[in-house]
Amino acid sequence: MNRSYLFVPGNNPSMIQNADVFGADAVIFDLEDSVHVNEKDNARSLVRDYLATHPVLPKKIVIRMNAMNTPFYEADLNHLLSDRIDAILLPKARRDDIVLLTNIMKQICSKKRLIKPINIIALVDLASSLLEVESIVAIDGVEGVLFGAEDFASDMEIKRSETGEEIFYPRARIACACKAYGIEAIDTPYTDVLNDEGLIQDAQKAQGLGMTGKAAIHPRQIEAIHTVFSPSKDQILWARKVLQALKEAKDKGLGVFSLDGKMIDKPIIERAKTIIHKAHIYGSVTHDE
Amino acid sequence: MKIGIAGTLESNDVLITVRESDTLKIDIHSVVDLLFHDQIDAVIRKTLAEKKIDKIEVLCEDRGALDYTIRARLLTALKRMEAV
Amino acid sequence: MMNNSLGRKVSHPKPPFSGSESYRDKQRTRIPTKSQNAQPQFVTSLDRAFDLLHIRDHMTLSFHHHLRSGDFLINQVAELLIQKGISAIHLAPSSIFPQYLLGPLIDKGIVHHLYTSYLNGPLSQQIRSQKLKGDLIMQTHGGRARAIESGELQIDVAFLSCPVVDRQGNGSGAFGKSACGTLGYALSDMYYAKKVVLVTDTIVDRLDRFQFEGRYVDMVVQVPSIGDPKGIVSGTTRITRDPIGLKIATQTARILDHLGVIKEGFSMQTGAGGTSLATADQIRQLMLTQQVRGSFASGGITRHYVDMLKQGLFSKLYDVQCFDLQAVESYHQNENHIGISASKYGNPFEDHPIVNDLDVVILGATEIDIDFNVNVTTDSFGNIIGGSGGHADTAYGAKITVITSPLARARIPLIKEHVRTITTPGENIDILVTERGIAINPRRADLIDKLAGSPFNIRPIKDLMDLQHQISGIPHEILDGNHPVGYVEYRDGTIIDTLYCSR
Chain A
439 MNRSYLFVPG NNPSMIQNAD VFGADAVIFD LEDSVHVNEK DNARSLVRDY LATHPVLPKK
499 IVIRMNAMNT PFYEADLNHL LSDRIDAILL PKARRDDIVL LTNIMKQICS KKRLIKPINI
559 IALVDLASSL LEVESIVAID GVEGVLFGAE DFASDMEIKR SETGEEIFYP RARIACACKA
619 YGIEAIDTPY TDVLNDEGLI QDAQKAQGLG MTGKAAIHPR QIEAIHTVFS PSKDQILWAR
679 KVLQALKEAK DKGLGVFSLD GKMIDKPIIE RAKTIIHKAH IYGSVTHDE
Chain B
15 MKIGIAGTLE SNDVLITVRE SDTLKIDIHS VVDLLFHDQI DAVIRKTLAE KKIDKIEVLC
75 EDRGALDYTI RARLLTALKR MEAV
Chain C
196 MMNNSLGRKV SHPKPPFSGS ESYRDKQRTR IPTKSQNAQP QFVTSLDRAF DLLHIRDHMT
256 LSFHHHLRSG DFLINQVAEL LIQKGISAIH LAPSSIFPQY LLGPLIDKGI VHHLYTSYLN
316 GPLSQQIRSQ KLKGDLIMQT HGGRARAIES GELQIDVAFL SCPVVDRQGN GSGAFGKSAC
376 GTLGYALSDM YYAKKVVLVT DTIVDRLDRF QFEGRYVDMV VQVPSIGDPK GIVSGTTRIT
436 RDPIGLKIAT QTARILDHLG VIKEGFSMQT GAGGTSLATA DQIRQLMLTQ QVRGSFASGG
496 ITRHYVDMLK QGLFSKLYDV QCFDLQAVES YHQNENHIGI SASKYGNPFE DHPIVNDLDV
556 VILGATEIDI DFNVNVTTDS FGNIIGGSGG HADTAYGAKI TVITSPLARA RIPLIKEHVR
616 TITTPGENID ILVTERGIAI NPRRADLIDK LAGSPFNIRP IKDLMDLQHQ ISGIPHEILD
676 GNHPVGYVEY RDGTIIDTLY CSR
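Those sequence lines, one after another, are chains A, B and C.
Residues 439 to 727 in the working numbering are what the first sequence lists, from first letter to last.
Residues 15 to 98 in the working numbering are what the second sequence lists, from first letter to last.
Residues 196 to 698 in the working numbering are what the third sequence lists, from first letter to last.
Next up, chain A with everything else stripped away, as it sits in the complex (with noise of 0.2 Å):
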């Protein structure tokens, strides 16, 4: 699972080759919002290149390409799919957009003979892909959605506020929806970007409703993304607790076993595993002891 999602403005060299620095899960070079129309070329170019010959790149490389009402995309598809990517993310994602798009990736991947699968992540940021949810994590090769609250309250005509209320729902939607399919819910990106409580706050909303991480729109915010993402001290204590304790009822021949006066069942004990197993993952990077 990957707590974070640093977007690069595809267009901004200095950004780009710094992508890797910041620590992120994931970094996602956008061909979309932050690069002008006339640019599009540029940053295709750009990225592209950059991907095929730096020696140092982000662990896992996402490209927003252009929506699929726009004349952009497929020259996006043709340049960017390659075997250094890992997954594009469609804006405005439709469930028919998204079957579409398999097909032309499948199409584009075997004509550039590529051998790595290519994933989606779906952009939720309009009502009607929100009300879709369900169908487009059923889709195979779905890998994630990001929530756009931005574009959302647009769409649905409503102010965004620091507290988020208006932005419960389709949190709470999207977690739900993605983790009945085991895939990642990627939350939307917080932009008073020197409001570092403001941003922990947010996170915390939305890891506390089931989303998986949170896109970032500056490095400094990754740091506090992972934090909030990443299973805390308490949690791993009581994760090595429960090992430990089905290690012991294990050797002494016992089924089932009791911790703390609760009753340790087959889904606490999954629980247990996912804490210890994200810990390992995560270890290098939180400054949890």
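Bear in mind the hints are in silico, worked out from the structure with no lab data behind them.
Take the hints with a grain of salt, since some may be wrong.
[Stated by the list, open to error] Chain C regions said to be covered by chain B (calculated; three or more residues, Cβ under 8 Å): (1) 274-284; (2) 664-672.
[Said to hold, decoys possible] Some residues of chain C that are not near chain A, with every Cβ distance over 10 Å (derived): (3) Ser217; (4) Asp252; (5) Gln271; (6) Gln485.
C-beta: ideal position from N, C-alpha, C; glycine also.
Dock chains B and C against chain A, hints included.
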């Protein structure tokens, strides 16, 4: 006269202007000229060779761009020139 | 020509560098302090002062740079030297900013030798084109004080601008229309120059607190204005917003925390650049969280340090230079904001120079090599863009010396096989923090041990150099010419490197 322009004069970027010509002319102005001139020249030539272009005028105004940036901006400038 | 202990060729009569500890084998020598007066002479023009002092050929004239790029005095003296046809002058301004119009003095052969701790601007070109008849000697702040007190740098007349002077000739920089704060760089000049001239635009009856002592002052010149306040404070000193700089700052603060540096009573110094201030800010936050009170911070002081003093995060500030108005104000009002002389700051022969009490110093570099030698004197093209200032002094004295820098700036790599100019020897440099990794000097087995198993991305310095080469390519080596145009004088008076003409 067909020309194509791509890139910017921001730090780490390059502004490439290509112009139709009946000779091959490469003009490099770089803030790191004394350190990387040959390398910048080589990237430009290699990219032109790939595109089988041997007659063109390239003006390169460089602010410390890496190879991939020079190549990308040049390719875009060439495309833009063709699209005119 | 012979090689010094770092393998650099030097051909100066002064001894070659032989290690940063070699000063311990030498004795402190001091010439007698200058003659004292009951009362200085008061005049109302520099021209008159020139005549009264018989400024003539072959004299050594000195200046301080506390008014920075807003200084009027040095340009006025330059103008007078030209007007009066004086020649073969040795000029010893403690720093040279681009706004100091010394170019004609070099062209016309009026100035033969230049002694300074910092040089930036068009003079670099002239000197590298061999227009200077004599040598450029680049010193450290502490080393300049040592050179003056020992008589190596014999000053005939010290022209010292001074914001406020009283009727007894005492002088202060703490307040007044051209207030610049502490005047610490000028104190050695005041004690040892043959003649001391204070140049001021504000005369008062009596100063109760002052740094320039009237008994050493021969003359006070009153002029309409000694400088432009806008140029005096070096502009807004701001914490960087660049994400790379912020990452470096955060990593630096954390590694120092891990090493146990940030603890009750610790002391530190940083530069005043954007990344340095970001690092100081990160350390400040750690100090607040851990409720640590440091003993002192030193160096060029900005409002960020003034705030930390006010917040009780440090007990004292030892100030060598005020960089902004808040620092000037704090120096004036706060008795724990203490101005110190360049000698007490960094002269290796002082009993307890401040630099020796530093737990950590955080510095910059234009280049660093795989032996950890640092260059802050020239850039990768060979231009003279700075000079040690307090770099070599603090690097020697501090228990831990950290260099912070990105691996490359606009494609120009930081790490070389050999730096073009050695300002500070590698033996005094402990840690390099870049955005792509941290290198520890192999000499510091203690730090390597403490950091073993830690989450920091620690790499051999050569690996970081190779990594940047992979990213940006290996730069063409820009060779210097063969003719020396100057020398880098280490704080103990030995020659650590040579400056060459351009090819």
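Practice problem: Apply the coverage criterion to the stretch 664-672 of chain C and chain B: a residue qualifies when its Cβ sits closer than 8 Å to a Cβ of the chain, and three qualifying residues are needed. | Solution: holds (count 5)
Quiz item: Is glutamine 271(C) truly not at the interface, in the sense that its beta carbon sits beyond 10 Å from all beta carbons of chain A?
Solution: It holds; glutamine 271(C) is separated from chain A by about 43 Å at its closest Cβ, greater than 10 Å.
Quiz item: Is it the case that glutamine 485(C) keeps its Cβ farther than 10 Å from each residue Cβ in chain A?
Solution: holds, 14 Å
Quiz item: Per the stated criterion, does the least C-beta distance between aspartate 252(C) and chain A lie above 10 Å, as a non-interface residue requires?
Solution: The assertion about aspartate 252(C) holds, with a minimum of 53 Å to chain A.
Quiz item: Far enough from chain A: is every CB of that chain over 10 Å from the CB of serine 217(C)?
Solution: holds, 41 Å
Quiz item: Within the assertion that chain B covers the stretch 274-284 of chain C, do at least three residues meet a Cβ-to-Cβ distance smaller than 8 Å?
Solution: Not satisfied, violated; 0 residues make the cut.
Comparing the model with each numbered hint stated earlier shows that hint 1 is the single one that does not hold.
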